[in-house]
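Please model the complete structure; the sequences and the hints are all you need to start from.
Chains as they are written, first to last, in my numbering: chain A, 1 to 261; chain B, 262 to 736.
I should point out that these hints are in silico values taken from the structure, not numbers from a laboratory. Idealized CB from N, CA, C, for every residue including glycine. You can trust all of the hints, since none of them are fake.
Label-pair distances were calculated between CB atoms; the ranges are:
#1 SER246/A / MET283/B: 35 to 43 angstroms
#2 PRO75/A / ILE442/B: 30 to 38 angstroms
#3 PRO339/B / GLY181/A: 56 to 64 angstroms
#4 PRO500/B / PRO75/A: 23 to 31 angstroms
#5 GLU700/B / MET68/A: 50 to 58 angstroms
#6 ILE442/B / GLY219/A: 57 to 65 angstroms
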Amino acid sequence: MNRPLRVAHLFPELLNLYADRGNLAVLRARAVVRGIDLEVVPIRLGEPLNLAELDMVLLGGGSDKEQMQVASMLPQYQSDLHYAVEAGMPMLAVCGGYQLLGDYYETLGGDLVKGLRLVEMYTKAEPGTRLVGNIAIECSSIPGVVRQTVVGFENHQGRTYHPYLPLGKVLSGYGNNGRDGLEGLHHLGVIGTYIHGPLLPKNPHLADYLLTKARAFRGVQEPLVELDDTLEWRAHEHVLQMLGISKTTPAETSQPSESLA
Amino acid sequence: MSFRALLAVWMSKFVTIGLKIMGRGATSLPGVIAQRVYLLLPDRLLRQIDTCVIVTGTNGKTTTTELLYAMLHSDDEPWLVNRGGANLIQGILATLLQKTNWRGRLTVKRVLLEVDEATMRLVLPSIRPQVLVLTNVLRDQLDRYGEIDQTIMLLRNAAWGADTTLVTNADDPLCVAISSINQKPVFFGYAPMESTDETSVVDLVSGNQVRDGAFCEKCGALLSYERYFYGQMGIYACPECSFKRPELSFAGRVLDAGTAASQLCVNEYAATQDWRPSEDREFLVPNPLKGLYNAYNLLAATSAARTLGVSPSRIAEASKRFIQPLGRMQVFPGHPERILSLIKNPTGADSVLSTVAQDAREKMVCFVINDNFADGRDVSWLWDVDLEVFVENSPSTRYVCAGTRAADMALRLAYAGVDRLDIKIVDDTEALLLVGNEEALPVYVLSTYTALHPLVSLLTHAQPKEFRGKAVSAS
Ligand SMILES: [Zn+2]
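Here it is in C-alpha cells:
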C-alpha cells in the first residue's frame with residue numbers, strides 16, 4: 001500500500017456524544033501495532049467527501065439538536081455515500097449516526113427529520129421510557145469471529161425498524177426497538193448499532209472485522225495478526241457477568257502471538 | 262401550614278430522633294419520609310425563606326458552596342446550608358427540616374443551597390433567590406440524556422424576578438447564553454497575565470484541550486477562541502455575530518499557583534448598577550486549593566459574596582480558614598502519602614489529572630470507577646478524558662484500577678498508551694492500601710462518587726497513629 005488506510009470520521013464537531021473517539025483510538029492502535037498505517041480524516045459538516053481517498057466511514061451520535069443540524073446538510077452527501085455502500089465500503093454508524101442511515105427519524109411531536117436513505121429503515125421516537133442500560137447481543141451476522149457476543153451500553157428514545165439482517169440478537173437489553181429482540185443492522189459493509197461504550201474497545205473482534213474489511217476494500221487480503229486481547233476480553237466478560245449471561249461457547253480463543261503493549 | 266404538611270414535619274422529626282437513638286447519623290431519610298407524607302413539603306418550606314442564595318452548575322458546586330458558606334456565615338448572621346453535596350430535592354428538604362420547628366416554621370432566615378442542575382426545575386417555582394450562582398454548564402455528561410438543553414431552556418425561561426442577580430462565568434459561553442435573559446448578570450472570569458507570567462498560566466499549558474467545539478448559542482457558528490482555559494472555557498468570540506465573552510465584573514488570576522502562599526488576585530470593576538461598589542478595586546484572597554478549576558470556584562464564591570456585600574477582608578479571612586470538602590485533592594499524610602480526588606466527568610477529570618501531572622514526583626495513580634446510578638451507569642465518558650496527554654507527560658507512572666468498572670478503566674489506560682504490564686486490576690478497594698507501600702511512592706486515588714466516602718474512611722483508618730486527624734486539603 002502506498003498510502004495509509006483512511007477512515008473518515010463524519011462531522012466530529014457535532015456527532016461526538018458517546019466517546020466515538022474511543023472507536024477511532026482502537027482502530028488506530030490495532031492497525032499501528034500490526035504495522036498498518038491508519039489515518040483518521042475528520043470531515044466537518046459541509047466539507048466534501050473525497051471517496052477515492054477513503055477506505056472506511058464512521059458516523060457517531062449527537063444530541064437531538066446536533067443531529068437536526070447534521071440532517072439539514074445531509075443531501076449533499078447522499079449520492080456519494082450511497083455509491084460507497086453499494087461498492088462495499090465498510091461503514092460503522094453508532095446511535096444517532098445509525099438513525100441517520102435510514103429514511104427518516106420521527107420525533108415525538110410527529111416531525112420528520114430526513115436521513116441519508118442509504119438503507120430502507122426508519123426510526124420513531126415513541127412515548128415511554130428511554131431505552132437505557134447495559135446490553136449484550138449474540139452476533140451471528142459476522143463470520144469467523146472469535147466470540148459471538150457484542151457488549152456495551154445503549155441509550156436512545158428512538159425505536160428503529162428495518163427489514164435487513166440485524167447485527168445480532170438481544171441477549172439482554174433493548175436493541176433496535178425493545179420489541180423484536182433484534183439489535184443493529186448489517187447490510188453489505190454497513191454496520192449500524194445502538195451499542196456504544198464505546199463499541200470497539202470491549203469488542204476487539206468487531207474492530208478487527210472492520211479493519212479487515214477496510215483492507216479488503218483496498219485490495220489487501222492478508223489476514224490480521226492476532227493480538228493479546230486479555231484486557232479487552234476481561235472487560236467484555238465483565239459486562240456479560242453483570243448481565244447474568246453465562247460464558248458463551250464461542251470458537252476457541254486463539255493464542256495471542258503478539259502483544260499490543 | 263396545612264395539617265398534612267405539619268404531619269410530614271412531625272414524621273421527619275420522629276424519624277430523626279429514631280435514627281439518633283439507633284446511633285445513625287444524618288441521612289436524607291427524614292426528608293424522603295416527609296415528602297412521602299406530603300409531596301409539596303419542599304415548596305411549603307422553601308417559600309418561607311427570606312434570603313436565599315443558590316449555587317448550581319455542572320462542576321464545582323460543592324466546593325463553591327462551602328467557600329461561599331465560609332464567607333457568609335457568622336454567629337451574628339447564621340446561614341443554613343446543605344452540605345456534602347446533598348443537592349437533590351431530598352437532601353435539600355432534609356437540610357430545611359433540621360431548622361423547622363414543631364409548628365412547621367423555618368427558624369432561619371438565610372439559606373444557601375447547592376442545587377443539582379436537574380433539580381433546579383423542582384426548586385425554582387417555589388423560591389426566588391437573591392443571588393443565583395451558575396458555575397459552569399459542561400455538556401459532556403448530562404447532555405447524553407438531553408438534560409443540558411433542558412436545563413438551559415429552564416434557566417432561560419425561569420421567571421427571573423428583578424430581585425435575582427445571576428452571578429456566572431463569562432468564560433463559559435453556555436453560561437453567558439443563559440444569562441442573556443437576566444436583567445443584571447454579574448460576570449466573573451479568569452484573567453491570566455501575559456504568557457511571560459508562568460505562575461498564572463501554569464494550569465493552562467498542561468495540554469487541556471477544549472472538549473468539543475463550542476457553538477454560538479445565538480447563531481450556531483463555531484466559536485473562535487483566543488485562549489482556552491479548560492473545558493469550553495476561555496476567551497472566545499463568534500465569527501458570525503456579536504456574541505462574545507462579556508465584560509467582567511470580577512477578574513481573577515492565581516499568584517504562586519500550587520504553593521502554600523498561593524493567592525487569588527481579584528480585580529473588581531465598578532459597574533453602573535447601584536448595588537455594587539462604585540469604584541474599581543483590587544484585593545487578594547488566599548487560595549487554599551489546587552488547580553485552575555478550584556480557582557474558578559474561589560472566584561465564583563468571592564464574586565457572589567461581594568455581590569451580597571461581604572467585605573474583601575472577610576472573604577480573605579474565610580478563605581484562609583477554609584477546609585476543603587472531602588475528597589477534593591484531599592491529602593492523607595503518611596507512608597506512602599495518599600491524595601484522594603473525585604472524578605465524575607471528562608472535564609473535571611482532565612482538571613484533576615492536570616493537577617496530578619504538576620506533581621513532578623514519581624507516583625502511582627489508582628482509578629476507582631463505579632457505575633452505580635449516582636456515578637452514571639454509562640462509563641463511556643472515560644474515553645472522553647484526555648488520558649493520552651496525561652500519560653505522555655507522566656511516563657514513569659504506574660496504574661491500579663478498582664471499582665465495578667476496573668476492567669474498562671484498565672482498557673482505557675492501555676489504549677491511552679500505558680504499557681499493559683504497568684496496569685494492575687484489584688478486586689476490592691482495600692487492596693489499594695497495599696499500593697505504593699513497597700515503592701514508597703505517593704499514591705493518587707481518583708474515584709467516582711459512590712466510592713468516594715468509603716475511600717475517605719478507608720484511607721483515614723489506614724493512616725499511622727501519628728498522622729491521624731491530619732487529613733488536610735492540598736495546598
Ligand atoms: Zn454567533
